[in-house]
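Join the two chains into one complex using the hints; note that each chain is given alone, in its own frame.
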Amino acid sequence: MIELIDLYVSYGWRREPIIKGVSARFDGLHLVLGPNGSGKTTLFRAIAGLTPITSGKILIDGVDIDSIYGKPGILAINLGEIYSLMHLNAYDHLRLFMDLTNGDMDLALKILEDLGVDAGLLRKRKPWELSAGQKKAYSTAIALASRAKHVLLDEPFEQLDPARKGRLLEYFKEFKGVILLNTHETWLLPVLRDWSTVFVFEGKLYGPIAASELLEARLAVGEVDDALLKFEVAGKTYSVVVGDVGEPLSRLTTLDKVYELAVSG
Amino acid sequence: MTLYLKLKMKDLLTNLEILGWGIVFIEFWVLMWLFVFSKGAPAQTEWDVYVVNINAAMAYSFLGLLSMAAVAISLAYSIFYTSRAARYLTKFTRASPATLMVEDFVASLAAIIIIVAVIIFSVIGCTYMKWGVIPHVENPAAVFVDLVLGGVALYWLAYMLALVLVVTRRTRALSMMSFVPLILAFIAYAQLWVDFGNLVYVIPLSTIPALLVYHSTGAIPPTGSYLWWLGGGELLQAVNLKLAAVSLFAWIFIFAGVSLILLRKSRGVPIEELRF
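Protein chains in written order, with our numbering: chain B, 2 to 266; chain Z, 12 to 287.
Here chain Z stands alone, though its shape is the one from the complex (with noise of 0.2 Å):
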């Protein structure tokens, strides 16, 4: 192991951008959530708390996944500045090709599973202050894997859209293309009032949160028009949590092969393509 994980992380963890976009930007959203567009009753009966547990877990399902989509941007960003010097770190430090690949990815990785770990706890404490009532996690351990796999398809989708621009030399879409990873994560949280229906098996991180809403609540979520859900309205088609995980696998498959194929093609952009 080399210094770089530490201060990758460091770096990640420090980075005003990330952590306003990340954590301050969301942080505003889990208070409207909560204090503006929940009800305010006191939960006083079993529904009462499981209703509050459901949208606790869909507050920081969606709020969560912005809040990892908006740390990716930054990392497209990283990436891209980095891959000429990256060419010369695994050249000629002990940093090889392996290292720093990996070194990065769990440094990301666990930068992002520390903001988004904010932003959870930050719900739970809001709902405690709203309604007295500690949302129920029902598989913890679940949902920590939900987040990595969140984490690790967000990272590799910014590694992909980095190399994509250092391959092809289209390096004015930069600010353009690193923003997808929000764009797709908005459009996931759209599922809040729009039913996908079989689509969701196929956006990209769209079920991310019917994972995690399942294993925080045991509830199976539909497959969109969450807020209609919540409110108890008719029955809506369940997700199919076997296709959901698949889908999220295929896509994390679908990234870091297709960074796998482009990394092989890079050999960084030289800075003189960068001044534009």
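Extracted from the complex, chain B is given alone in its bound form (with noise of 0.2 Å):
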């Protein structure tokens, strides 16, 4: 279990936290959606102990994050940054990485073919010299194969093509674990109806709510009585709400409206 305790996140540059004051747990599968900008893979960032946290804690399986080293099968993160060590190719690197995690590496293969990126090509290539999708693709099957209890997956989907889409959600339903999913694709809702979803606007967090609960519900301007969740975006107030007020969730692009709201606001 990842618990978030009154997290506040920021760089040295910017006064402003980009994560302020989050507070969650996160135990099984979940989805976190949230426009870019938001603060999704600052989190992420945070919590794999890769970005300073000005205030508050991280706690997984109860351990303050500060204090966990050299303790492979715990946590695993697809940011590419982290797999370019050297001025090695991606095969090199694949290999140093299921190494020092004890991971699978006949599975990393497996999953790097399913997603069309055979070790010929890793031979060949620095992690830095892959295309997008296949960097994000070399990315995912590692920290997948590294047999981390915990994953974190920062845009898993991104630049991948519909029908590898589809190979690499059959990995995620098959992992025992806990997965946190960061996303603004919400064709992802109707497909991981069993997730539980948490929102990230403005460096806030608002959830969770179960994928097939927010399937069927409306999104109201404004407070609403009983809501089953409400977020502030760009100064104002919306409801996630059961019944006949707003509009129906399950049109998607009513939440990627909110996400606009977001961002321009």
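I should point out that these hints are in silico values taken from the structure, not numbers from a laboratory. Hints should not be assumed to be uniformly reliable.
Stated by the list, open to error - DSS-like cross-link-like pairs, simulated, lysine-lysine; straight-line CA separation at most 25 Å:
1) Z:276 with B:21
2) B:150 with B:111
3) Z:50 with Z:141
4) B:177 with B:166
5) B:111 with B:177
6) B:72 with Z:50
7) Z:276 with B:58
8) Z:17 with B:72
9) B:72 with B:21
10) B:58 with B:72
11) Z:21 with B:125
12) B:150 with B:177
13) B:125 with Z:17
14) B:166 with B:111
15) B:150 with B:125
16) B:21 with B:237
17) B:127 with Z:21
18) Z:17 with B:127
Here it is as structure tokens:
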């Protein structure tokens, strides 16, 4: 279980925190939905210990991440910046990470093969020489094959074609552990109905709410009593409700509209 | 031991920048030193052989230091850019901070020694080609120790420079800071013409050539103006070898100590701050 306690994260050159007082518990399968720039990736970086925390705590299975050292199998993340350590080809990097994480090299190669990246290509190219979609597939395969209990997946479907998106989804469904999947793509909601969903807007976390529940709910502007969820975007309050008020969320573009508001606001 | 050690060595020894600046560029100066700047008369007397030996020792001591410094530039870049990933690695893989640091150090040191060995053997080979003399190395074990100490000093200097940038978030200064090892090596190189006097014990890396020349030839070199000394010029102030060794150890201690202090304050540079 990943537990966030009143978490604030800001970058040195920016005074305004990116993550603002987030508290949450993640156990199981979770979708983290939010627009670009809402703080999703920063949240993942903080959980993986990659970005300094301004204040608050992050616990993984009850242990503060500041005190975790040299422990494979606890957490993996699919951020490409981690998997380009040296001037070596992508295959050597893959070998290195499977060795360091006690991961499953065969599984990593199988996932990559399914996503259209074969071992021959990995031997020819350095990680940063792969195309955008291949890079994402590469880091996602390493994260999934590292046999970690908690896996953070940042936009894993980015730049993948529909067939490969489908194949990757199968690996997520087979996964035994905790997944936090961060995306701004709303098509996942009907596909991952049994997953829990949280929203990130302007550095704040809202939820959780079941993806299936979300699909049958409506979005109303303003505060509504008995709302399933309320969140604030660009100074306006929105309520996710069951009933006749507002627009149905099943029209996935409705969520995109909220995103646009958040980005422009 | 993890695969990191082996792959880090492979990385350094196949890195074109390191091979280009650490070997190819320095080999050019080896050729210039031995075939252009050195007199070409064949060594006939014992004195000639002695001078050829000293000339060769000076060549690989000074050019070897430049070569090691060129590798240190790449090490500084590598340490800087992996500072973020290193934090993830040391937490969520079996490479604990101590394991990662030891393996990175050993691999880098081994690569530095291999690269400088190429320079030394090429100087020996070219010296034989030109004068028909295989330079005699008086104390090979001590020469090896000097090279290791030089490599250790440069590794920790590179580490310290990278961490200064990471901790102070002065990411724009990377290219300037990474060249500090080469600047210091060129200051040491200036001893060929300039007598630093007692400053030689204060300037970082400046005593490495003196120790190498002494252990290679058995002759105690001066505190500077090596070319004047080689040409049989008037007696110059001899370097104090004990002080030279103390100076080198002191600088290693300072570089490593500051690095370890900075390491405790470092949390890596967020990718957003690397974009400049």
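Evaluation of the provided hints:
With a CA separation close to 24 Å, the supplied pair residue 276 (chain Z) and residue 21 (chain B) stays within the 25 Å bound. Under the criterion of a C-alpha separation no larger than 25 Å, the hint pairing residue 150 (chain B) with residue 111 (chain B) is consistent with the structure, at around 20 Å. A C-alpha spacing of about 10 Å is found between residue 50 (chain Z) and residue 141 (chain Z), which places the hinted pair at or below 25 Å, so the restraint holds. Restraint check for residue 177 (chain B) and residue 166 (chain B): satisfied, since their Cα atoms lie roughly 19 Å apart, inside the 25 Å limit.
A threshold of 25 Å between alpha carbons decides the hint, and for residue 111 (chain B) with residue 177 (chain B) the separation of about 18 Å falls inside it, so the pair holds. Under the criterion of a C-alpha separation no larger than 25 Å, the hint pairing residue 72 (chain B) with residue 50 (chain Z) is inconsistent with the structure, at around 61 Å. With a CA separation close to 18 Å, the supplied pair residue 276 (chain Z) and residue 58 (chain B) stays within the 25 Å bound. In summary, the hint linking residue 17 (chain Z) to residue 72 (chain B) is supported, as the alpha carbons are separated by about 21 Å, within the 25 Å threshold.
In summary, the hint linking residue 72 (chain B) to residue 21 (chain B) is not supported, as the alpha carbons are separated by about 29 Å, beyond the 25 Å threshold. In summary, the hint linking residue 58 (chain B) to residue 72 (chain B) is supported, as the alpha carbons are separated by about 19 Å, within the 25 Å threshold. Taking the CA atoms of residue 21 (chain Z) and residue 125 (chain B), the gap is near 16 Å; set against the 25 Å cutoff, the hint holds. Of the supplied pair hints, the one linking residue 150 (chain B) and residue 177 (chain B) holds, its CA atoms being roughly 8 Å apart against a limit of 25 Å.
With a C-alpha separation of about 19 Å, the suggested pairing of residue 125 (chain B) with residue 17 (chain Z) holds against the 25 Å cut-off. In summary, the hint linking residue 166 (chain B) to residue 111 (chain B) is supported, as the alpha carbons are separated by about 15 Å, within the 25 Å threshold. Annotation: proposed proximity of residue 150 (chain B) to residue 125 (chain B) is violated, straight-line Cα distance about 31 Å (limit 25 Å). At roughly 17 Å between alpha-carbon atoms, residue 21 (chain B) and residue 237 (chain B) fall within 25 Å of each other, so this suggested pair holds.
Annotation: proposed proximity of residue 127 (chain B) to residue 21 (chain Z) holds, straight-line Cα distance about 14 Å (limit 25 Å). Our distance criterion of 25 Å between C-alpha atoms is met by residue 17 (chain Z) and residue 127 (chain B), whose separation comes to about 17 Å.
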